[in-house]
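In order, the protein sequences belong to chains C and Z. Here our numbering is used: position 113 in the first sequence is 113, and no number is missing along the way. Here our numbering is used: position 377 in the second sequence is 377, and no number is missing along the way.
Hints are computed from structural coordinates only; laboratory data are not their basis. A portion of the hints provided could be inaccurate.
Taking lysine to any residue and the SDA-like style, the derived pairs with C-alpha atoms no more than 20 Å apart in a straight line are [said to hold, decoys possible]: (1) Z:K290 <-> C:P143; (2) Z:K2 <-> C:E120; (3) Z:K6 <-> C:K79; (4) C:K79 <-> Z:K10; (5) Z:K6 <-> C:L113; (6) Z:K2 <-> C:P143; (7) Z:K6 <-> C:D123; (8) Z:K190 <-> C:G139; (9) C:K79 <-> Z:R381; (10) C:K117 <-> Z:L389; (11) C:K79 <-> Z:F5; (12) Z:K2 <-> C:S141; (13) Z:K6 <-> C:L146; (14) Z:K10 <-> C:E120; (15) Z:K10 <-> C:I122; (16) Z:K137 <-> C:S101; (17) Z:K2 <-> C:L102; (18) Z:K6 <-> C:G139; (19) C:K117 <-> Z:E94; (20) Z:K6 <-> C:L138; (21) Z:K10 <-> C:Q96; (22) Z:K6 <-> C:T31; (23) C:K79 <-> Z:V380; (24) Z:K6 <-> C:P118; (25) C:K117 <-> Z:A308; (26) C:K15 <-> Z:L389; (27) Z:K10 <-> C:K15; (28) Z:K10 <-> C:L102; (29) Z:K290 <-> C:L138; (30) Z:K2 <-> C:K15; (31) Z:K6 <-> C:Q96; (32) C:K117 <-> Z:R381; (33) Z:K219 <-> C:S101; (34) Z:K6 <-> Z:A308; (35) Z:K6 <-> C:K15; (36) Z:K10 <-> C:E145.
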Amino acid sequence: MILKAEGMSRRFFRKNGGANFFYAVQKTDFTLEAGKLCVIMGRSGSGKSTFLNMLAGLLEPSEGRVMLDNTDIYAMDDKSLSRMRNKNIGVIPQGQTALSSLTVLENVKLPYLLYNKPSEKIDKYAAELIETVGISTLGNSYPNELSGGENRRLAIARALLMQPGILLADEPTGDLDDENTKKVLELLKNAAQNGTAVLLVTHENDAANFADSLYKMDGGVLSQIK
Amino acid sequence: MKLIFKNLIKRPGRTAALLLLSVFLAFSVFGGTMTVLSLRRGLESLEARLGADVIAVPDKAKNKLEDILLQGVPGYFYMDKENVEKIAQTEGVEAVSPQYFLASVSAGCCSVPVQIIGFEPSTDFSVQPWIKQSYGKELQNDEVVAGANINAEVGEHLRFYDQSVKVAAKLDKTGTELDNAVYTNADTLKDLLGAAVDKGLVVLAKNDPDKLVSSVLIKVKDGYSAEDVASDISVNIRHVSAVNTKNMVSGIARSLSGISDMTGLMIIAVWMLSLIVMAIAFSMIINERKREFAVLRVIGATRGRLAATVLGEAFFIGLIGGAIGVLAGALAVFPFSGLIEAKLGLPYLTPSFGASMGAAGAAVLSSVIAGPLTSALSAVRVSRMDTGLILREGN
């Protein structure tokens with residue numbers, strides 16, 4: 001599965017003063033390939049998250065298009081785009097993103113249950129996933145009982161549940177200690193080695209060591225380093 | 001669906017606050033509707049039980065008649081029986097039936113005096129239809145039919161002026177003061193009247209009970225106005241005053257109308273206020289939860305799914321709150337109906353099971369509608385939100 005950005009940019013309009021708008025992401029071409037871990041580094045506010053959200057089908061580009069294999073995802077209606085994202089694109093958003101009313105296991109299984117009936121198979125796979133990310137003892141805990149690192153690992157397990165072809169991770173190691181940072185990066189690397197196209201946007205320098213390709217985002221401009 | 005219930009259960013404070021509003025709404029709608037329906041049924045019941053278009057009484061007893069029939073103050077008055085024939089001759093009169101009033105001093109059944117009303121079975125069109133509903137046979141001498149509030153069961157005996165009478169039947173409740181009366185045929189009443197005179201407890205202007213009546217119930221022919229017939233009788237027959245029964249209950253009808261209007265306004269005000277408060281509450285809650293909804297979008301929920309989640313939560317809050325509100329309303333209205341009746345001082349008769357269920361359904365429905373209605377704007381907002389921007393805002 002290949003995800004491509006073709007001439008993709010995003011501008012935002014200012015509410016008051018100055019120029020009417022600014023570009024968070026300048027016109028960019030980008031390709032994310034299966035089995036590769038691609039890392040985009042950059043300071044806070046450089047446009048990394050905006051770039052990732054556009055690739056995820058969550059923020060429509062001002063110009064250009066996003067192609068998943070041969071399909072322009074923003075040409076799809078909401079139902080098809082949502083279903084496509086559910087099946088093919090796993091997203092790990094920034095910060096705490098678990099639903100507080102659900103347990104860890106329920107959160108992990110949620111992407112499947114949005115469109116399918118409960119099944120033993122998915123229960124088993126969700127249990128395997130939380131074991132893989134190292135939170136198997138917390139299956140029946142609620143997100144407010146988890147540490148920041150455990151919450152991130154929950155988000156990774158949730159993003160992997162549908163075995164997506166694309167995995168997009170936005171600062172998954174933010175605020176984590178070194179040990180947890182290493183664990184999360186290893187999980188993403190493993191996903192790439194298992195055939196998933198993984199994009200990691202981060203300001204964590206250690207991430208570069210895990211990257212198959214490395215980019216830098218600065219002022220909305222993306223440039224390849226490796 | 002599971003997510004909706006988990007959201008409601010895992011946020012007990014938020015759910016309880018919204019439920020409270022729904023409960024309050026349904027309670028007001030159910031309580032108010034039941035009160036108005038009870039009063040309306042009481043008035044209909046009173047009109048039906050009076051059973052006549054016009055009632056003629058001795059000139060000075062007009063107010064006393066209202067006291068007896070509407071206020072439940074036991075009493076008696078009498079006029080010459082020959083007036084019955086004169087009234088029957090009046091133009092526009094279709095049927096007449098005399099009645100006889102007697103107030104007991106005390107009776108085995110009751111701590112207070114009881115109104116005894118006698119009627120003539122051969123001419124009666126007012127009392128017997130009700131007795132037939134409760135009894136089905138002709139009333140024999142020394143038998144009475146007791147109003148619903150009389151503390152005696154069928155087959156038991158009551159004593160008035162040392163005379164024993166058997167309770168042959170009990171009437172259905174009317175919610176009016178007529179529930180405190182007993183009915184008997186004219187012969188039995190005359191026996192009781194004779195006993196009262198013998199004891200010196202009732203003073204009669206003329207000593208022969210056979211030549212007296214208390215009131216004459218009049219049915220007016222089609223095409224004639226009850227008002228005109230009453231006026232003719234009052235003008236043309238000396239010492240007799242005729243009352244149009246519609247006018248007699250018009251004061252009650254006016255009070256009922258006032259209470260209905262007030263209750264209606266109160267229900268609308270409560271509904272509007274609840275809608276506003278709930279709309280604000282939903283808006284604040286959705287604002288607080290927009291990141292949660294953004295996450296649902298991230299994992300593949302459609303915009304419609306997000307709106308359905310918000311509306312679903314609001315629907316179940318309305319449904320559960322409505323059911324609790326109706327239950328609370330029923331616990332307030334049914335056990336305390338006597339107290340409400342006493343406080344209002346108006347005929348009050350609990351509506352039929354069907355009407356009560358209708359009011360309960362309407363109250364639940366008002367609450368169920370209020371939930372999604374007040375959350376609709378928030379649901380639209382959630383469905384239109386830009387997930388990418390929400391996720392950016394949170395960081």
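Here is how each hint holds up against the structure:
| no. | hint | result |
| --- | --- | --- |
| 1 | Z:K290 <-> C:P143 | holds, 17 Å |
| 2 | Z:K2 <-> C:E120 | holds, 17 Å |
| 3 | Z:K6 <-> C:K79 | violated, 25 Å |
| 4 | C:K79 <-> Z:K10 | violated, 29 Å |
| 5 | Z:K6 <-> C:L113 | holds, 14 Å |
| 6 | Z:K2 <-> C:P143 | holds, 17 Å |
| 7 | Z:K6 <-> C:D123 | holds, 18 Å |
| 8 | Z:K190 <-> C:G139 | violated, 88 Å |
| 9 | C:K79 <-> Z:R381 | holds, 18 Å |
| 10 | C:K117 <-> Z:L389 | violated, 31 Å |
| 11 | C:K79 <-> Z:F5 | violated, 24 Å |
| 12 | Z:K2 <-> C:S141 | holds, 17 Å |
| 13 | Z:K6 <-> C:L146 | holds, 19 Å |
| 14 | Z:K10 <-> C:E120 | violated, 25 Å |
| 15 | Z:K10 <-> C:I122 | violated, 24 Å |
| 16 | Z:K137 <-> C:S101 | violated, 68 Å |
| 17 | Z:K2 <-> C:L102 | holds, 10 Å |
| 18 | Z:K6 <-> C:G139 | holds, 16 Å |
| 19 | C:K117 <-> Z:E94 | violated, 75 Å |
| 20 | Z:K6 <-> C:L138 | holds, 18 Å |
| 21 | Z:K10 <-> C:Q96 | holds, 18 Å |
| 22 | Z:K6 <-> C:T31 | violated, 40 Å |
| 23 | C:K79 <-> Z:V380 | holds, 16 Å |
| 24 | Z:K6 <-> C:P118 | holds, 16 Å |
| 25 | C:K117 <-> Z:A308 | holds, 18 Å |
| 26 | C:K15 <-> Z:L389 | holds, 15 Å |
| 27 | Z:K10 <-> C:K15 | violated, 38 Å |
| 28 | Z:K10 <-> C:L102 | holds, 8 Å |
| 29 | Z:K290 <-> C:L138 | violated, 26 Å |
| 30 | Z:K2 <-> C:K15 | violated, 40 Å |
| 31 | Z:K6 <-> C:Q96 | holds, 19 Å |
| 32 | C:K117 <-> Z:R381 | violated, 28 Å |
| 33 | Z:K219 <-> C:S101 | violated, 71 Å |
| 34 | Z:K6 <-> Z:A308 | holds, 15 Å |
| 35 | Z:K6 <-> C:K15 | violated, 38 Å |
| 36 | Z:K10 <-> C:E145 | holds, 14 Å |
Hints 3, 4, 8, 10, 11, 14, 15, 16, 19, 22, 27, 29, 30, 32, 33 and 35, counting from the list given before, are not met by this structure.
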